[in-house]
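Listed here are the chains, written in short residue letters.
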Amino acid sequence: MTIKVLAFAGSPRRNGNSETLLDWVLASMAEDPEVAIEKVPLTEANINICRGCNACEKLNKCIQRDGMDIYHDKIIDADIILLSSPIFCMGIAALPKALIDRMQVFRSRKFVLKLPIVPPERKGKRLGAFLASAGQDWPHVFDAAIPSVKCFYHVIDIRDADISYLMINHVDEKGAIDKHPTAKVDATKLGKTIIAELKKRLAA
Amino acid sequence: MTVTVLGISGSPHRHGNTETLLDSFLDGARSAGATVEKVVLKDLDYSACRGCNACHKDGNCIVKDDAIPLFERMMVADCVAVASPIYSMGITAQLKGFIDRGQFLWARRFVTKTLEFSPEHLARHKGIFISTAGQSWSHVFDGAYPSLTALFHDAGFEYYDNIVANNMDEYKGIKNHPTAMNDAFLKGQQVVAVLETQKKQ
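Going line by line, the protein sequences match chains A and B. Going by the numbering used here, 196 is the number at position 196 of the first sequence; the sequence numbering is gapless. Going by the numbering used here, 91 is the number at position 91 of the second sequence; the sequence numbering is gapless.
If you're looking for bench data, these hints aren't it; they were derived computationally from the structure. Every value quoted in this text rests on a predicted model; they were computed, and no experiment measured them. Positions of the beta carbon are idealized from the N, C-alpha and C atoms, including for glycine. Do not rely on the hints blindly, as some may be mistaken.
Mimicking EDC-like on lysine to aspartate or glutamate, the simulated pairs with C-alpha atoms at most 20 Å apart in a straight line are [said to hold, decoys possible]: (1) B/113 to A/172; (2) A/174 to B/58; (3) A/58 to B/169; (4) A/114 to B/169; (5) A/74 to A/44; (6) A/58 to B/170; (7) A/4 to A/77; (8) B/57 to A/173; (9) A/189 to A/66; (10) A/4 to A/121; (11) A/110 to B/169; (12) A/192 to A/38; (13) B/57 to A/172; (14) A/150 to B/142; (15) A/114 to B/170; (16) A/110 to B/170; (17) A/125 to A/34; (18) B/172 to A/57; (19) B/42 to A/66; (20) A/74 to A/34; (21) A/4 to A/162; (22) A/39 to A/73; (23) B/113 to A/173; (24) A/123 to A/173.
Listed below are several chain B residues computed to face chain A (Cβ distance under 8 Å; list not exhaustive) [what the hints assert, rightly or not]: (25) 13; (26) 50; (27) 51; (28) 54; (29) 87; (30) 147.
Given only the sequences and the hints, what does the whole structure look like? Please build it.
Right, here's the structure in full:
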């Protein structure tokens with residue numbers, strides 16, 4: 001049995017705080033020999049913005065030909081989907097928002113065309129996690145990002161209860177997260193928890 | 001002195017519900033005597049903020065494209081109306097891409113401390129958010145407001161009002177909405193009247 005993990009690193013800054021958080025989760029997951037990880041930095045993913053043309057409501061596919069052609073299938077195929085983003089201007093960064101907006105094709109499939117996203121036997125056997133960092137120290141700095149993150153997961157049959165969150169505020173300059181008292185420990189623990197939970201679901 | 005109003009359309013879909021609502025607001029402003037301009041983000045060439053924090057050193061963005069000139073244009077207007085449809089419970093990636101590039105203004109305010117707006121300046125500069133959503137939920141716009149707050153405050157605008165209309169899927173378009181188009185027109189007239197009075201003081 002292979003557990004497929006697809007991880008989108010959403011920050012335009014490579015190896016910054018949110019990506020480090022993601023890397024810690026992935027490193028902890030990778031200790032399990034059954035886990036296969038694919039990490040996708042969105043800076044290299046060639047994902048255009050959604051044009052709002054609504055063609056997917058009829059065609060069941062997007063009319064744009066770009067990186068999403070590859071990630072569409074990988075998103076369906078994965079058991080665990082991770083997304084990381086910094087908070088910019090009180091919201092998710094533009095790069096991951098572009099990915100989320102392009103999930104419209106799944107929304108059309110699910111809610112307009114009423115077609116399945118994953119085969120029935122895989123429902124409830126997929127998990128997600130959102131990893132975020134913010135420079136601001138306000139506790140509510142992540143609030144506006146969460147509804148869009150939920151959309152990202154809902155349209156691919158990952159329910160609210162199956163999404164985990166690890167969001168660290170008050171880290172701004174590159175490397176600031178390394179000095180955070182709990183972030184690494186929590187990320188490592190989260191990686192283990194998600195893999196254990198998924199194994200439990202797959203065995204059920 | 002004429003009131004100047006800048007409309008910024010953040011929809012990738014030309015002449016859709018949100019841009020139509022923005023147009024109604026701008027028509028109202030024009031009818032009240034304002035000088036009105038509209039910029040469509042889709043027609044501009046700008047990249048996402050790189051998060052490089054170079055602007056934290058001297059308050060300037062190192063990326064040279066259409067984003068920074070638009071902030072400069074925005075900051076000489078009396079009123080800015082920023083429009084975006086709701087996609088996936090937030091503003092579009094296109095508008096978020098523009099707003100994120102405003103980091104250099106934030107850096108000027110809080111890092112280099114070279115930019116400060118007086119309460120009088122803020123009162124005389126009004127920011128308005130215009131949006132539509134397919135969803136019927138009343139909270140569908142909530143995820144958008146904080147980023148607009150950030151944009152308006154960093155560019156020296158009071159966050160004056162929201163002109164929003166949900167449930168577009170049900171109405172089959174903004175023109176079938178019973179009140180939104182007229183409300184937007186009236187709000188365009190009203191904000192210009194308010195700004196004109198302030199200019200005379």
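Hints versus structure:
Pair hint residue 113 of chain B plus residue 172 of chain A holds up; C-alpha atoms about 18 Å apart against a cutoff of 20 Å. Restraint check for residue 174 of chain A and residue 58 of chain B: satisfied, since their Cα atoms lie roughly 18 Å apart, inside the 20 Å limit. Restraint check: the Cα-Cα separation between residue 58 of chain A and residue 169 of chain B comes to about 15 Å, which is no more than 20 Å; the hinted pair holds. Between the alpha carbons of residue 114 of chain A and residue 169 of chain B the distance comes to roughly 16 Å, so the proposed pair stays at or under 20 Å and holds.
Between residue 74 of chain A and residue 44 of chain A the alpha-carbon distance is near 16 Å, which keeps this suggested pair within the 20 Å criterion. A C-alpha spacing of about 18 Å is found between residue 58 of chain A and residue 170 of chain B, which places the hinted pair at or below 20 Å, so the restraint holds. At roughly 8 Å between alpha-carbon atoms, residue 4 of chain A and residue 77 of chain A fall within 20 Å of each other, so this suggested pair holds. Proposed proximity of residue 57 of chain B and residue 173 of chain A is supported: the alpha carbons are some 12 Å apart, at most 20 Å.
Using a Cα cut-off of 20 Å, the hinted pair residue 189 of chain A and residue 66 of chain A is violated, with the two alpha carbons roughly 35 Å apart. Our distance criterion of 20 Å between C-alpha atoms is met by residue 4 of chain A and residue 121 of chain A, whose separation comes to about 16 Å. Restraint check for residue 110 of chain A and residue 169 of chain B: satisfied, since their Cα atoms lie roughly 16 Å apart, inside the 20 Å limit. Under the criterion of a C-alpha separation no larger than 20 Å, the hint pairing residue 192 of chain A with residue 38 of chain A is consistent with the structure, at around 17 Å.
The straight-line distance between the Cα atoms of residue 57 of chain B and residue 172 of chain A is roughly 14 Å, inside the 20 Å bound, and the hint therefore holds. For the proposed pair residue 150 of chain A and residue 142 of chain B, the alpha carbon gap of about 14 Å is at most 20 Å, so the pair holds. As the CA atoms of residue 114 of chain A and residue 170 of chain B are separated by approximately 18 Å, the hinted pair is consistent with the 20 Å bound. Annotation: proposed proximity of residue 110 of chain A to residue 170 of chain B holds, straight-line Cα distance about 18 Å (limit 20 Å).
As the CA atoms of residue 125 of chain A and residue 34 of chain A are separated by approximately 16 Å, the hinted pair is consistent with the 20 Å bound. A threshold of 20 Å between alpha carbons decides the hint, and for residue 172 of chain B with residue 57 of chain A the separation of about 15 Å falls inside it, so the pair holds. Taking the CA atoms of residue 42 of chain B and residue 66 of chain A, the gap is about 18 Å. The hint holds against a cut of 20 Å. With a C-alpha separation of about 18 Å, the suggested pair residue 74 of chain A and residue 34 of chain A falls inside the 20 Å cut-off, and the hint holds.
At roughly 16 Å between alpha-carbon atoms, residue 4 of chain A and residue 162 of chain A fall within 20 Å of each other, so this suggested pair holds. A hinted pair counts as satisfied when its Cα atoms are at most 20 Å apart, and residue 39 of chain A with residue 73 of chain A qualifies at roughly 15 Å. The straight-line distance between the Cα atoms of residue 113 of chain B and residue 173 of chain A is roughly 18 Å, inside the 20 Å bound, and the hint therefore holds. Note on residue 123 of chain A and residue 173 of chain A: the hinted pairing is violated, with a Cα-Cα distance of about 40 Å set against a maximum of 20 Å.
Because the beta carbon of residue 13 of chain B sits about 4 Å from the nearest beta carbon in chain A, less than 8 Å, this interface hint is met. Against a cut-off of 8 Å between C-beta atoms, the interface hint on residue 50 of chain B holds, since the closest Cβ of chain A lies about 5 Å away. Taking 8 Å as the C-beta contact cut-off toward chain A, the hint placing residue 51 of chain B at the interface holds, the least distance being around 4 Å. Restraint check, residue 54 of chain B versus chain A: the minimum CB separation of about 11 Å is more than 8 Å; hint violated.
Interface restraint check: residue 87 of chain B against chain A, minimum CB-CB distance 5 Å, threshold 8 Å, status holds. A hinted interface residue such as residue 147 of chain B counts as satisfied when its beta carbon comes closer than 8 Å to some beta carbon of chain A; here the least separation is about 4 Å, so the hint holds.
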